[in-house]
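Same order as they appear, the protein sequences are chains A and B. The first sequence runs 252 to 473 under our numbering. The second sequence runs 252 to 473 under our numbering.
Hint data in this document are derived by calculation from the structure and do not stem from the laboratory. Where is the CB? At the ideal position from N, CA and C, for every residue including glycine. Do not take every clue at face value.
Unchecked claim - Among chain A residues calculated to face chain B with C-beta under 10 angstroms, some are:
{"hint": "1", "residue": "Ile304"}
{"hint": "2", "residue": "Asp311"}
{"hint": "3", "residue": "Ala358"}
{"hint": "4", "residue": "Glu370"}
{"hint": "5", "residue": "Gln405"}
{"hint": "6", "residue": "Leu408"}
{"hint": "7", "residue": "Leu422"}
{"hint": "8", "residue": "Trp448"}
What the hints assert, rightly or not - Taking lysine to aspartate or glutamate and the DMTMM-like style, the derived pairs with C-alpha atoms no more than 20 angstroms apart in a straight line are:
{"hint": "9", "chain 1": "B", "residue 1": "Lys272", "chain 2": "B", "residue 2": "Glu297"}
{"hint": "10", "chain 1": "A", "residue 1": "Lys302", "chain 2": "A", "residue 2": "Asp279"}
{"hint": "11", "chain 1": "A", "residue 1": "Lys387", "chain 2": "B", "residue 2": "Glu297"}
{"hint": "12", "chain 1": "A", "residue 1": "Lys302", "chain 2": "A", "residue 2": "Asp285"}
{"hint": "13", "chain 1": "B", "residue 1": "Lys302", "chain 2": "B", "residue 2": "Asp285"}
{"hint": "14", "chain 1": "B", "residue 1": "Lys387", "chain 2": "A", "residue 2": "Asp279"}
Unchecked claim - Covered stretches of chain B (in silico footprint by chain A; criterion: 3 or more residues with CB under 8 angstroms from a CB of chain A, positions within the stretch not fixed):
{"hint": "15", "region": "290-299"}
{"hint": "16", "region": "304-318"}
{"hint": "17", "region": "325-331"}
{"hint": "18", "region": "397-403"}
{"hint": "19", "region": "444-452"}
Protein chains: 2
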Amino acid sequence: MAGDGTAAPAGAAGGPGQRRKELLDAADRVIRRDGPRASMNAIAAEAGISKPILYRHFTDRQGLFAALAERHTAGLLSAMRSALALPLERRDLVEAVLDTYLAAIEARPQVYRFLTHPEAADGLGPGRPLAPALQKIADEIAASVRRHVDLGAQADLLSETWGRGITGMVLAAGDWWLAERPCPREEMVRALADLLWGRLAAAGQRPVAATGAAPREREPEE
Amino acid sequence: MAGDGTAAPAGAAGGPGQRRKELLDAADRVIRRDGPRASMNAIAAEAGISKPILYRHFTDRQGLFAALAERHTAGLLSAMRSALALPLERRDLVEAVLDTYLAAIEARPQVYRFLTHPEAADGLGPGRPLAPALQKIADEIAASVRRHVDLGAQADLLSETWGRGITGMVLAAGDWWLAERPCPREEMVRALADLLWGRLAAAGQRPVAATGAAPREREPEE
DNA sequence: CCTTGGTGTTACCTCGGGTAACCTCGTACG
DNA sequence: CGTACGAGGTTACCCGAGGTAACACCAAGG
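With these hints in hand, go ahead and build the complete structure from the sequences.
And the structure:
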């Protein structure tokens with residue numbers, strides 16, 4: 252708001268929102284270091300100021316969170332939008348989108364952990380299971396589905412459900428992948444694309460009875 | 252452990268773990284009322300005792316959480332296991348599993364919200380995106396997939412990924428459904444099953460530019 | 001009788017979000 | 001030149017929540 256300090260005592264005299272940007276940078280650093288649990292004290296300390304200033308710029312923790320999230324969301328979201336707009340065959344498009352997301356969380360895990368798993372009092376309320384960033388991604392996906400795919404009468408319900416569902420799927424799988432690194436990224440992309448592509452339906456039945464024992468259990472790893 | 256008070260001043264003198272069970276009941280009530288943010292103070296008050304007793308029975312908040320979660324997890328998990336063990340065609344099995352989950356969260360939203368969205372310091376650590384209950388469900392799904400579906404060389408990676416992915420998908424979609432109630436349960440089940448069933452791949456291209464219009468290939472709903 | 005062990009309580013510590021009151025310094029104006 | 005004022009900043013505090021220490025009560029047992 253009235254943040255255009257004419258002569259800042261400690262810092263660079265830049266534009267109007269300069270100070271705010273610096274604070275966000277500091278918060279970013281702390282979060283990158285401590286994760287989403289970073290305390291306001293820590294952020295203020297990192298910024299070299301004291302808490303009340305922080306609270307003058309961002310009403311409360313939620314406000315800072317929101318501002319910070321919005322900033323990064325912009326990047327992630329535009330990346331996703333770009334991916335969704337690529338002139339690709341549908342399957343390739345799906346893979347591109349998945350890869351874009353995974354690449355993003357791979358590049359800055361802490362930041363995206365913060366984006367995707369807010370502290371439950373920060374970004375999301377009682378019935379708000381998806382963080383705002385993910386919510387927006389889900390909306391983008393839903394819109395893209397509705398735009399490209401002919402789903403008949405239930406198009407709206409299906410696309411919204413799928414948007415959320417796909418987002419949640421990639422979120423969960425992506426988090427796991429990030430934590431365990433069970434495989435390179437491309438494999439993960441293919442695994443998820445395969446799932447979305449109906450491989451669960453198409454794959455053959457294993458030669459196993461309902462409750463009976465399987466003949467041969469494992470086959471060599473390629 | 253040593254909780255068999257011979258003459259309890261306020262309460263029933265039951266078995267050894269009686270008191271513990273009562274405390275869990277109280278915690279349950281509070282959580283059902285206030286959601287997962289319930290404070291230890293509130294729980295103690297609801298139980299009619301004071302905090303230290305609570306802490307004598309459950310080491311810390313995480314301990315209480317874990318005990319409480321385990322209790323409900325048992326129910327949810329066994330329901331899921333039963334569903335996964337039904338002697339159904341694969342598609343029907345998927346629908347049964349989805350329906351089981353949605354029915355469960357529909358029946359006791361607060362409890363399952365607590366199970367599925369722990370307070371980020373309670374049930375899950377830095378790289379632990381899925382709550383324990385969901386983690387177990389994911390494992391069950393993965394095992395079931397690995398057991399029933401022939402996935403070739405990458406079976407392990409695929410099944411684990413899918414387990415997590417499906418769980419995350421249902422979680423996100425289920426939360427949204429619970430919050431918005433956009434449709435009856437069966438429709439939701441079908442929407443999600445359709446997604447898992449490759450309808451995204453199979454549905455016709457919509458007559459829109461970008462990649463050129465495709466011949467309409469959709470088949471009528473139902 | 002005094003001791004011992006279990007059950008409970010109050011009162012406290014710490015830490016984090018959020019705020020009130022005060023302080024300081026550069027500037028504009030009498 | 002001196003003083004009033006306002007922007008920007010600080011210390012010190014409040015409150016609530018997790019967690020604990022020290023003390024109080026009561027029954028059994030030497």
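* If any of the earlier hints don't hold here, list their numbers in rising order. => Violated: hints 1, 2, 3, 11, 14, 15, 16 and 17.
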